[in-house]
Amino acid sequence: METVLLTDEEVPQPILVLKGISKYFGGVHALEDVDFEVYPQEIVALVGDNGAGKSTLVKIIAGVHQPTKGQIFFLNQPVEIRNPHDAQALGIEIVYQELALIETRDVPANFFLGREPVKGRWGIFVDRKKMIEDTVRTLKELGIVLPSLRTLVRYLSGGQRQALAIGRVMPWGGRIIIMDEPTAALGVKESRRVLDLILRLKEKGCSVIVISHNMRHIFNVADRIVVLRGGRKVGDKKKSETTPDEIVKLIVGAEML
Amino acid sequence: MAKDKEVTGSTAFLPSVRSIVLKGGSLVGVVALSIAFASFTPHFMTLSNWLNILRQVSVVMILASAQTMVIIAGGIDLSVGSLLALGGCLAAVAMSYWGWSFVLGSLLGIAIATLAGLGNGVIIAKGKIPDFIATLGMLGALRGVSLLITGGLPVPSHFTATKLAGYLPQVLVFLGSGDLWVIPVPAAIGVGVVIITWFILSRTTFGRSLYAVGGNREAARASGIDVDRVKVIVYGLAGLYCGAGGLVLVGRMNSANALMAEGIELQTIAAVVIGGTNLSGGRGSVFGTLVGAILMGVLSNGLNLLNVQPFWQRVVNGLLIIIVVLFDQWRRRLGE
Numbered sequence: 003m004e005t006v007l008l009t010d011e012e013v014p015q016p017i018l019v020l021k022g023i024s025k026y027f028g029g030v031h032a033l034e035d036v037d038f039e040v041y042p043q044e045i046v047a048l049v050g051d052n053g054a055g056k057s058t059l060v061k062i063i064a065g066v067h068q069p070t071k072g073q074i075f076f077l078n079q080p081v082e083i084r085n086p087h088d089a090q091a092l093g094i095e096i097v098y099q100e101l102a103l104i105e106t107r108d109v110p111a112n113f114f115l116g117r118e119p120v121k122g123r124w125g126i127f128v129d130r131k132k133m134i135e136d137t138v139r140t141l142k143e144l145g146i147v148l149p150s151l152r153t154l155v156r157y158l159s160g161g162q163r164q165a166l167a168i169g170r171v172m173p174w175g176g177r178i179i180i181m182d183e184p185t186a187a188l189g190v191k192e193s194r195r196v197l198d199l200i201l202r203l204k205e206k207g208c209s210v211i212v213i214s215h216n217m218r219h220i221f222n223v224a225d226r227i228v229v230l231r232g233g234r235k236v237g238d239k240k241k242s243e244t245t246p247d248e249i250v251k252l253i254v255g256a257e258m259l
Numbered sequence: 005m006a007k008d009k010e011v012t013g014s015t016a017f018l019p020s021v022r023s024i025v026l027k028g029g030s031l032v033g034v035v036a037l038s039i040a041f042a043s044f045t046p047h048f049m050t051l052s053n054w055l056n057i058l059r060q061v062s063v064v065m066i067l068a069s070a071q072t073m074v075i076i077a078g079g080i081d082l083s084v085g086s087l088l089a090l091g092g093c094l095a096a097v098a099m100s101y102w103g104w105s106f107v108l109g110s111l112l113g114i115a116i117a118t119l120a121g122l123g124n125g126v127i128i129a130k131g132k133i134p135d136f137i138a139t140l141g142m143l144g145a146l147r148g149v150s151l152l153i154t155g156g157l158p159v160p161s162h163f164t165a166t167k168l169a170g171y172l173p174q175v176l177v178f179l180g181s182g183d184l185w186v187i188p189v190p191a192a193i194g195v196g197v198v199i200i201t202w203f204i205l206s207r208t209t210f211g212r213s214l215y216a217v218g219g220n221r222e223a224a225r226a227s228g229i230d231v232d233r234v235k236v237i238v239y240g241l242a243g244l245y246c247g248a249g250g251l252v253l254v255g256r257m258n259s260a261n262a263l264m265a266e267g268i269e270l271q272t273i274a275a276v277v278i279g280g281t282n283l284s285g286g287r288g289s290v291f292g293t294l295v296g297a298i299l300m301g302v303l304s305n306g307l308n309l310l311n312v313q314p315f316w317q318r319v320v321n322g323l324l325i326i327i328v329v330l331f332d333q334w335r336r337r338l339g340e
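Top to bottom, those sequences are chains A and B.
Under our numbering, the first residue of the first sequence is numbered 3, with each subsequent residue one higher.
Under our numbering, the first residue of the second sequence is numbered 5, with each subsequent residue one higher.
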């Protein structure tokens, strides 16, 4: 019925498609024949028990692991993501669970860690003005409030750090942002802020893949929920068509009850 | 940075004594010590004495600048004195025995020290050996090489007069002991090196990667910084600084010997620590190191003028380091 109503242009095309992905670590089948798509401006929650294959799947997307079998398409083109640089070139950014921030440096230094804007002919001199301006602009766009740009990350709260870690993937034209347990270590209020931030990233045109164990958080922000169990995809539901109960049953494998 | 104004909440117009002490750190120490010495002896607060102090700490300034970069990157270089001796001795041998010109001899000395420094970096990065151990080994080994090069004699030496091609070039002597108008040339070089180092640390991508590597190695790696490369380059750069420092010292003494600047590594580390740089890496500034070097220079100069026994000077110098770091801890706790 949909195909009748919508022309080709109006059917949303997924940006990223994984087809029949398997990943074996020696004899361990971490992923087995998994299909996975991400659509533009979509928040996909990736859920499953420990060892279900969530981290392996996002690491394949981020170029950290190579799939044993299967194909990846980016905007309908087959691609190989051999390393994190390939992923970044496609606009895929990952926010690490262990927050890759430098505690002894201030906010702009962390924002541009490892990719400082340069000026001048030699390409080695840091453009500090641009660093500060871009940091201020991005923080403002995302509604992130920090005590001061000069504050060392050491003195920021857990939520502020998480916001900074997420915010700093923005200026790189990130189209797909992967987050591994972004609210795991946070209190209620700070979690709320991070969830708001995820929604704002979506407004800005990003797609977000978020791994989480917290059903309430997932149902707050996600558009679609993908469930993995034992390396296989056992569920792929729109939020509007499912309930937390059903998802939990899919995770633990008790849907027959 | 005007943007920060709204968020920093300082309301006091006149800085309190406490905030001067807190913010000034070691600079306050320099001023306080100077006032004390000036009140005990009329010879301290004179232009010529201050120029003398600067001349005396010039070599430490150069080496401590290198040490600052290494320590910010989370390392430590115990071989700076040996690198200096290696570069200085080889340059002196080339100039006085092989008849090399000042320029070629200097380039040779600096190049060999740089290579040895790069060697430090490669051993540490590729061999996965702790910085402390690798450079401790080089501290001994490179002294040995310098002794081999010079045969244990000063360069040039009258024992080898028949083989001598000439004395050390006047330009080299000028570098170490000349004056530009009233400014001692070595002091100008030392301050120049500090400024260059400040520029590298704060204005270049390489400098920023030093802070990143020292602050959180894993985060630096995850952000795409080639940690091994950064380490190799910073140790190589330290070697280059030491080679330059060697030339200044040889020029100052108008002679080179393999055992010169022994123990200077501890002075450079002391200057870095007194200057407020974090020994565990990731934080610090080379201007702090400059103040640290001057503080040590002022202390030993003042004690000399007061005719304090050299034995006591060692005690005082040692205690100074402890006191400054205790003070720094206290300052940081209040700051937080």
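One or more of the hints may lead you astray.
[What the hints assert, rightly or not] Simulated pairs of lysine-lysine, DSS-like, Cα-Cα distance not exceeding 30 angstroms:
| id | chain 1 | residue 1 | chain 2 | residue 2 |
| --- | --- | --- | --- | --- |
| 1 | A | LYS61 | B | LYS130 |
| 2 | A | LYS131 | A | LYS206 |
| 3 | A | LYS191 | A | LYS21 |
| 4 | A | LYS61 | B | LYS132 |
| 5 | A | LYS132 | A | LYS204 |
| 6 | A | LYS131 | A | LYS251 |
[To be verified] Simulated coverage check for chain B against chain A, where a stretch passes if three residues somewhere in it have a Cβ under 8 angstroms from a Cβ of chain A:
| id | region |
| --- | --- |
| 7 | 172-182 |
| 8 | 225-234 |
| 9 | 242-248 |
Honestly, the hints are just simulated from the structure, not real lab data.
Being a predicted model, the structure only gives us computed values, none of them experimental.
For glycine and all other residues, C-beta sits at the position ideal for the given N, C-alpha and C.
Hints and how they fare:
no. : hint                  : verdict
1   : LYS61(A) - LYS130(B)  : holds, 27 angstroms
2   : LYS131(A) - LYS206(A) : holds, 24 angstroms
3   : LYS191(A) - LYS21(A)  : violated, 38 angstroms
4   : LYS61(A) - LYS132(B)  : holds, 27 angstroms
5   : LYS132(A) - LYS204(A) : holds, 25 angstroms
6   : LYS131(A) - LYS251(A) : violated, 52 angstroms
7   : 172-182               : violated (count 0)
8   : 225-234               : holds (count 4)
9   : 242-248               : violated (count 0)
Checked against the numbered hints given earlier, the structure breaks hints 3, 6, 7, 9 and satisfies all the rest.
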